[in-house]
Amino acid sequence: MKESTSVIKKLEQAKQWVQEAGQFLRENLAEPLEITEKTRYDDLVTNYDKAVQKRIISKILQAYPKDFILAEEDEKKVEFSEQISQLWVLDPIDGTTNFIVQKDDFAIMLAYFENGVGKFGIILDVMNEKLYWSNDHAAFCNEKQLHENVAPLHQSLLAVNAYMYRTNTGGLLDLSHHTLGVRSCGSAGISYTKLLDGKIIGYFSHLQVWDYAAGMIISEKLGFVTKALDGENPHFNGREMVYTVPKRLLGLIQEKMQGSEN
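All letters in the sequence shown, in the order written, are residues 3 to 264 by our numbering.
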C-alpha cells in the first residue's frame with residue numbers, strides 16, 4: 003500500500019525540521035549550558051534539550067494543530083495509543099550526557115504513527131550531519147538508500163546497555179559469547195545508526211518509547227524486528243527492556259539468550 007500524499011508531505015517537512023534543529027545545536031555547541039538533574043545525578047536535561055523540543059513541537063503544531071505529540075521533556079506526557087490517529091514521538095537530544103561531556107555521539111529522533119502504525123522514523127547524527135530516515139518501503143542515509151547487511155552472528159558485534167550486559171539480564175551476556183563482543187556508546191539514536199550501517203548486528207537496552215520508536219521503524223525496512231525482552235512486542239508505555247535484531251536471526255538469538263551452547 004502506497005503512502006498517502008499527507009504522510010509524504012509530513013515526512014519531508016519533518017526531515018527539514020530535524021535538520022534545522024541539528025544546525026541550531028552545532029551553531030551553539032560552544033555556548034554555556036544550563037544543566038538540570040531529573041531523576042538522579044546521571045539523568046540530565048539541558049536548556050538545549052528543551053529548546054530543540056520547543057522548536058520542533060512548534061513546527062508540528064503550526065502545520066498540524068490537531069496532531070498529538072509524545073516528547074521526552076514534556077511534563078504532561080501523552081500516552082502512546084493505537085486510538086490516536088496522528089501521533090509524533092520526539093527525543094530532542096538523545097545522548098544528553100554525550101552532548102554535555104563529549105560534544106559528540108548524540109542524536110535527534112522523531113517518529114510518526116497513525117493509529118499505532120509507524121509511518122516513518124528520522125534519526126539525525128547531529129555532529130556527522132547524517133540523516134537516517136524511512137518511507138513506506140525503504141531506509142536511507144541522507145539521500146542514499148540503505149540495504150540489508152547482516153553478517154553471521156559469530157562475526158558480529160552487539161550494542162548493549164552496560165547494566166543489562168554486566169548482570170546477564172535476559173541472557174545478554176550468554177548471547178555475547180557467540181559474537182565478537184559488545185559496544186556501548188550512550189545513545190540509542192547513535193546505536194541505531196550503527197545498526198542501520200551494518201556495524202552492529204543487534205541493539206539491547208532499557209528504553210522509553212522515544213528512544214526506540216524512530217529506530218524501530220527505520221530498521222524494519224532493512225529486515226530488523228524490535229522485541230521486548232520477553233520476546234513479545236514492545237508495550238510503548240514506560241521504560242522497558244527491548245532489543246532490535248535481524249528478523250531472520252531472531253530464533254537463533256533468542257536461543258543463545260536462553261543459554262544454548264550449540
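Incorrect hints may have been included.
[What the hints assert, rightly or not] Here are the simulated lysine to aspartate or glutamate pairs, EDC-like style, with alpha carbons at most 16 Å apart:
id, residue 1, residue 2
1, Lys201, Glu257
2, Lys79, Asp69
3, Lys52, Glu14
4, Lys132, Glu116
5, Lys229, Asp199
6, Lys105, Glu14
7, Lys61, Glu29
8, Lys11, Asp69
9, Lys17, Asp176
10, Lys11, Glu131
11, Lys17, Glu145
[As the list claims (entries may be wrong)] Pair ranges (Cβ atoms, derived):
id, residue 1, residue 2, range
12, Leu182, Pro67, 17 to 25 Å
13, Ser8, Glu234, 28 to 36 Å
14, Ser186, Asn235, 34 to 42 Å
15, Lys68, Val103, 37 to 45 Å
16, Pro34, Gln157, 27 to 35 Å
17, Glu150, Thr41, 16 to 24 Å
18, Thr38, Arg185, 39 to 47 Å
19, Ala65, Leu175, 17 to 25 Å
20, Pro34, Gln260, 44 to 52 Å
21, Leu182, Lys11, 39 to 47 Å
22, Arg241, Gly261, 22 to 30 Å
FYI, nobody ran anything at the bench for these hints, they're computed from the structure. Just so it is clear, CB atoms sit at the ideal spot from N, CA and C, and this is done for glycine as well.
**Hint check against the structure, violated hint numbers in rising order** = Checked against the structure, the hints that fail are numbers 1, 3, 4, 5, 6, 7, 9, 10, 12, 14, 16, 17, 18, 19, while the rest are satisfied.
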